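So the chains spell out like this:
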Amino acid sequence: MAAISFSGVKKRYQKNDVIHGVDVEIEAGEFVVILGPSGCGKSTLLRMIAGLEEISEGKIAIDGKVVNQLEPRERGCAMVFQNYALYPHMSVRQNIGYALKVAGMPKAEREAKVLKVAKSVSLEPYLDRKPGELSGGQRQRVAMARAMVREPKVFLFDEPFSNLDAKLRVAMRAEVRNLHRSLGVTSVFVTHDQTEAMTLADRLIVMNSGYVEQVGRPSEVYHHPASLFVADFIGSPSMNLVRGFFGEDGYFRHGKGGMLNLPGLAKAHLSREVSIGIRPELVRRVDAGHKDAIAAVVDYTEELGASRLVYARADGSPIIAVDDGNDALATGMPVHFAMSESDIHVFDHTTGRRVDHAGRPVRATDSVSA
Amino acid sequence: MERRAFYRNPVLPWLLIGPQLILVLVFFYWPTSQALYWAFTLEQPWGGGNTWVWLDNFIAIFRDREYWATVARSAFYAICTTGLSMAVALFLACFVDRSLKGTKLFQSVYVWPYAIAAPAAGVAFRFIFAPQSGLIGSINTLWPGIWDPSTNGIHALAMVIICHAWLGIGYNFIFFLAALQMIPRSITEAGAMDGARPLRRMFDLQLPLITPTVFFLLIMNLISSFTDSFGLIDTMTEGGPVGSTEVMVYKIYFDGFKGLDYSGAAAQSIVLMFLVIALTFVQFKWVEKRVHYN
Numbered sequence: 001m002a003a004i005s006f007s008g009v010k011k012r013y014q015k016n017d018v019i020h021g022v023d024v025e026i027e028a029g030e031f032v033v034i035l036g037p038s039g040c041g042k043s044t045l046l047r048m049i050a051g052l053e054e055i056s057e058g059k060i061a062i063d064g065k066v067v068n069q070l071e072p073r074e075r076g077c078a079m080v081f082q083n084y085a086l087y088p089h090m091s092v093r094q095n096i097g098y099a100l101k102v103a104g105m106p107k108a109e110r111e112a113k114v115l116k117v118a119k120s121v122s123l124e125p126y127l128d129r130k131p132g133e134l135s136g137g138q139r140q141r142v143a144m145a146r147a148m149v150r151e152p153k154v155f156l157f158d159e160p161f162s163n164l165d166a167k168l169r170v171a172m173r174a175e176v177r178n179l180h181r182s183l184g185v186t187s188v189f190v191t192h193d194q195t196e197a198m199t200l201a202d203r204l205i206v207m208n209s210g211y212v213e214q215v216g217r218p219s220e221v222y223h224h225p226a227s228l229f230v231a232d233f234i235g236s237p238s239m240n241l242v243r244g245f246f247g248e249d250g251y252f253r254h255g256k257g258g259m260l261n262l263p264g265l266a267k268a269h270l271s272r273e274v275s276i277g278i279r280p281e282l283v284r285r286v287d288a289g290h291k292d293a294i295a296a297v298v299d300y301t302e303e304l305g306a307s308r309l310v311y312a313r314a315d316g317s318p319i320i321a322v323d324d325g326n327d328a329l330a331t332g333m334p335v336h337f338a339m340s341e342s343d344i345h346v347f348d349h350t351t352g353r354r355v356d357h358a359g360r361p362v363r364a365t366d367s368v369s370a
Numbered sequence: 001m002e003r004r005a006f007y008r009n010p011v012l013p014w015l016l017i018g019p020q021l022i023l024v025l026v027f028f029y030w031p032t033s034q035a036l037y038w039a040f041t042l043e044q045p046w047g048g049g050n051t052w053v054w055l056d057n058f059i060a061i062f063r064d065r066e067y068w069a070t071v072a073r074s075a076f077y078a079i080c081t082t083g084l085s086m087a088v089a090l091f092l093a094c095f096v097d098r099s100l101k102g103t104k105l106f107q108s109v110y111v112w113p114y115a116i117a118a119p120a121a122g123v124a125f126r127f128i129f130a131p132q133s134g135l136i137g138s139i140n141t142l143w144p145g146i147w148d149p150s151t152n153g154i155h156a157l158a159m160v161i162i163c164h165a166w167l168g169i170g171y172n173f174i175f176f177l178a179a180l181q182m183i184p185r186s187i188t189e190a191g192a193m194d195g196a197r198p199l200r201r202m203f204d205l206q207l208p209l210i211t212p213t214v215f216f217l218l219i220m221n222l223i224s225s226f227t228d229s230f231g232l233i234d235t236m237t238e239g240g241p242v243g244s245t246e247v248m249v250y251k252i253y254f255d256g257f258k259g260l261d262y263s264g265a266a267a268q269s270i271v272l273m274f275l276v277i278a279l280t281f282v283q284f285k286w287v288e289k290r291v292h293y294n
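From first to last, the protein sequence lines are chains A and B. Counting with full-length UniProt numbering, you get residues 1 to 370 for the letters of the first sequence. Counting with full-length UniProt numbering, you get residues 1 to 294 for the letters of the second sequence.
The hints are simulated quantities; they were obtained by calculation from the structure and are not laboratory data. Please note that the accuracy of each hint is not assured.
[What the hints assert, rightly or not] What the simulated footprint calls covered on chain A by chain B, stretch by stretch (three residues with Cβ under 8 Å from a Cβ of chain B suffice, anywhere in the stretch; the number is not a length):
#, stretch
1, 68–80
2, 99–105
3, 114–127
It should be emphasised that the depicted structure is a prediction, and the values quoted were computed from it without experimental measurement. Idealized CB from N, CA, C, for every residue including glycine.
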């Protein structure tokens, strides 16, 4: 177990910065998921921990020891690659045992260890096969066994499930989670799949185009997104976001004459260009006679079985709501929505940062609780 | 159902394959058939008819101890040239593949020697290795007489082998580099994570994965060192001193055109031809079928 700390970590290719200064502390034994769209620098950051990518600026320390100048083999990390990166000419046994062989471990000891690890991921029957003769899930297991056998201080996962089908992915997710629970090794897991991220992580690092947008527990990130990007990126369907401004009369104005009565928020965010957001599941269907009803027109609906997504339009701004799907809704029908002021998130439109209810911007690493 | 395309005009296909066919017939089959004919006959150098002697020419060369010495020398020459050239090319390719500084430059620079004609390289290397004035010869000023390919057979053979290996490095380098770059980067990275240093990774991971290329180059280099050595040896040593650089192909030339023993030379060239055919056969049948990963 080892803590990992980033201070001012930057990555530069020629003259282009692709990672613009990361300051994050990962605690020993923690399972951290780095989440972000493709090209956001999440894999680069992971490879910088591994030592496969040079650190252009700043420091990465593992267990308190700065590793910038250390070779991958000296850092005590094991990595599971996206395409597994198994050695195609070696048997499963040789693949798993290669690190031990390189380290000069005697054969008998090595064999015993390989067998033990193979057992733990149910690979014993396949030990003498070549990777080419295995299924995707089995290859994935070999890759994990190969990482486990070295008993590393840190596990690194680089989108390891992206080549698996949906069902296998769920199964492997559980396996990785159990593995972490039983071994307790600090793990850093990179993915662009938010479900994977939410279910696996103790803490999330959300990244976008080389910046850390937010660091926090999955529920924190979901319920208190620290930036417009996080609000939009996390959650499916994504958060309703609309741009506008608060007036002195307590109304929020948006789109083509849209007005929302939000007197509490208006007081805190007066005359600031903002985007406000609310999760679709917190938008309630109400009757036309409701005091603060927002009138909208249905665009289309998506039936999910347990619930229904209603895509509608209110005063020119799109709005998504989740309802129970008990009534029939067709395109063009009028619907009415209501929302609580306390469920609404406010973001400064120019900086994209969340603004708390006292009007202060929220930083990426701030712990935001209710 | 087998689908076939036909030419309506019966002359056109012959016109299309004509140029290549003529080239092969004139420059390969005709001389080969002549050589075959000579190999089984005995002809007086001043003309006057050929006598059919069956296998006498072959028996004569196979009984000749000097011929077997040449065969052994050729084998030694081929193995050394191939080994040296491939080893150096592989190391260079590994360096370039690791994309160290200056990769782009070396990628082109290493290929150039392949474009140099053997006799031209031979002349250049004769100067480099010249005992009186050459680059290598300058060690003679430190230790007089330590290097002299014009009298020392071992020095002469080493000189020709180095030159031949040098000429082949570019060709081998291109193939090695292409093969190395076919290996997914993540495999060598996984090796690095597993603790293997670059040299270890080369022997454990990269080399096994490029075996098909290694075998291909092995055969191509062996064939080349049996057949292409003539230009070098003729310009550098002319087979000497005292026959110490006389390989099979040079002996064919020497016996035929200097010794005027056309029949013996023809028999030798048939032997050499069969050797090359055998190597090519190994390449086609064994290598392309047996060496497969993934």
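- Tell me, in ascending order, the numbers of any earlier hints that this structure violates. Hint 3 contradicted; others consistent.
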